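Read top to bottom, the protein sequences are chains A and B.
Using our numbering, read the first sequence as starting at 280 and increasing by one per residue.
Using our numbering, read the second sequence as starting at -8 and increasing by one per residue.
Read the hints as simulated data drawn from the structure, not as lab findings.
Nothing here was measured: the structure is a model prediction, and the numbers come from that model.
Every residue gets a Cβ at the ideal spot worked out from N, C-alpha and C, and that includes glycine.
Some hints could be false.
Partial selection, computed: residues in chain A whose CB lies under 7 Å from chain B [to be verified]:
hint	residue
1	I301
2	F302
3	L371
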Amino acid sequence: MIEPSWIAGLGAFLFCIGLVGIFTRKNAIIVLMCIEIMLNAVNLNFVAGAAHYENIDGWVYTSIAIAIAAAEVAVGLAIFLALYSQRGTISLDEVTLLKH
Amino acid sequence: MSEHSKSEWKLLFPVAAMILFPVIRHFMGFGPIDSAFLIVAVPLLVFPAILILGQMYKGEDWWKNQLKEGGIVALAGLAITLSLTVWLIIEFLVNHAALSQYADAEGTFSQGVIFDWIQFEIFDGASLIGTSTLSFGLWIDSVSLTVLFVAAFLCFLICWFAIGYMTTDPVNEDRNHRFFAEFILFSMGMFGMVLADSFLWLFIFWEIMGLCSYLLIGFYWEKPSAAAAAKKAFLTTRVGDVFLMVGLFMLYDLYHSLEFAVIFADPTMGGAITGDQLQWPLLLMFIGCVGKSAQFPLHVWLPDAMEGPTPVSALIHAATMVNAGLYLVARMFPIFSAEAFHGDLSDIAMLIAWIGGITACMAAFIAFVANDIKRVLAYSTMSQLAYIFTGLGAACWFANEGFEEFAVIAFGAALFHLFNHAMAKGMLFMASGSVIHEMHHAHDHVHLYDSGDEHDFDPQDMRNMGGLASKMPITSTAMMLGSMSIIGIPLIGGFWSKEGIVGQAWNVYLHGGEMILFPALLVLATAGMTGFYMSRMWFMTFAGKAKSESAEHVHEDTQWIKTPLVVLSIVTALSGFILACGEFAHWLADPSHSHLLTDLFAHPVDAILHELEIAFLPHDNTLKIVGWTAILLSACLGPFIAARLHGGPLSEGEQATPMTAWLVNLSGKVGHTEVGELATGGFATALHNRLYIDDLYEWIISKTLMPFARICAWIDKNWIDGVIKGIESGSQSTSTWLRQFTTGRASDYLLMAAVGMLVIVGILWGVA
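Taking the hints into account, I'd like the entire structure generated from these sequences.
Following this line, the structure appears as structure tokens:
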């Protein structure tokens, strides 16, 4: 059995990859993918914890998180489509309405 | 134009209907005292109504022509108060006994508490001593009813006059609703002050009047002189008001109440209060009266207040505000007459008489040289109010020294003079307003096609008038009767009361008050001076030949201006005689032991002969000499000199009305119109400059208050503003610095959120 700390470390590593991706990439779809990576890094921790403590709660949270993540991707992609049809771009640098 | 005037009578129907208001109240089952609070409440409600409606509908035909920009509304409100006042007076006179359920003290009624205003607890250190309540109620006795009637009657007539005076002047177009709203608020202040049952509420209404006088004097706010005059009036009366307020605090400290019922019931509080303790509060309250009634040395605001529209001058300087100070002194009278204070307060009484004597003489002197018709009247007002103060001072002295019977006579004479003066002066101001109004119109008419360089023409300057007796018959007659009343021509108006005041001032001297000799001499001399300056005003305005082109084209026009003059002419001519013979003065001072008018109706001949004997043949020889000196000075010498200097026959073909023709003819016999500038000496120059009192105040203020104000301004600018400006510029630079972080890129915000999150986690880590 793999040490839980190793799995937690992997989760943290994945989370950081996602975080850096969000900060650095400009393409909205890539940013969305990075968010998914972060989400799954958290899921990994849940699963690892559930296995270690032999408790079903972690599995339940993970399955709910996956289901909601799917829905969230669907909504996110739909927003990007609408954004593209309106502005002709999905680069996050161009979408700076908040500033004005 | 006359067609137009005739149709305007219709506008008065709703006003006339308001007279039925007391009848409705009666059938609703209320008595006059239950309804008395409406005398204050109705104007208080009409005030916002006019203001709001005027602001909403100004310029519309029905508002402008049917309601005269709110004038009819104000007049209707004043008709209600006047009818309620008359109802109250009739009830007071006729059903004296039926009112006993309201009886408070002898001859006084009050409705008790109408509402409780403030309740508070009194602590001594940390322990609760008791609770106290400041409540509002009404105080009704002969003095308050008299002043209330004067105010209500004159406010009604002056409002009537103002409708004609204000709405025909294009300058006032679409802002007259402000005038009428402030006018009725002013009336409310006066009614409230007169009816208030405590010094506290008296003071509150007093201040409302102060505010309204500021607003009304500054009605032509676009004129710098009017704005300055408004400020001057407000600040000068404020000086007196501060003293009055401190005086009321001291009074409260002594009595733990400011209600008349508490103070007058036992001015000694069961022997706990001595006369020495009361000297300071009474003195300070008197200074407040001096400010409000424009007496020396706080008189400077009154002549400048003539910058307001003429109805305002009539309202403030005759009917209401200047009477407030007199009313307050009259309210202090029961304190003077408490036996326990025997002799302790006579110095204050003497001071009141001195201030009165000095002001009477000084104002009369300045009136000698005034050429502005309204300023003559303003100085005459000061002078006549000073008479009343002298009379009240004499009354207070008698009361304090224990001469009850003389105190009653002097007190009654002083307040009787208040009545006579208010009626005559209200009419004189309205008559002068009529003259000014028509001079103004005539000037516009004559110079209609001129290029308009005539800005130096002053329609108020008597040197531009002359010979108006033929063109303004009603105005000239009214002015003649009013002047006669003020002068004290025997048998007319003010004669009865002025005779009493002068006589009682000398009577004080005869009874051991040697100090009064100076003011007594002054008021005696002023009687003659009054005869001169009032006659001078009349002759300069109405007799002789027209001194300017405009004066030849003057004519009387609208009924709105003429009707109040006619009404007041009749009142002035007759009321003095009737009331004097009807024991009015005695009733004023002591309503429970005398009956107004009943003796006159029962035995007219006896009553008249009795009064004539008192006036012309008093028993004491000194008083006889004094009385006849006053009559000769005021009725003969003064008018004769005035006629000699300023009188003269009318132009060829002009005919005065029968009422005034004899006077014009008389002046034509003795007068010669070719008189140059008469008074050019040093004293006359000083008089022209109002004896340099205004300049002296200005100099004192520029040496004391102005440097202090400059220091305050510097501190304000550099320290107080500095702090605020520092906060402002600091926050501005902070926000400029922060603004560079708002890039608008979502990833930047996310980065900041992540960093912030890490920081929070770090902090929590540290805490844990």
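Going through the hints against the structure:
no., hint, in the structure
1, I301, "holds, 6 Å"
2, F302, "holds, 5 Å"
3, L371, "holds, 5 Å"
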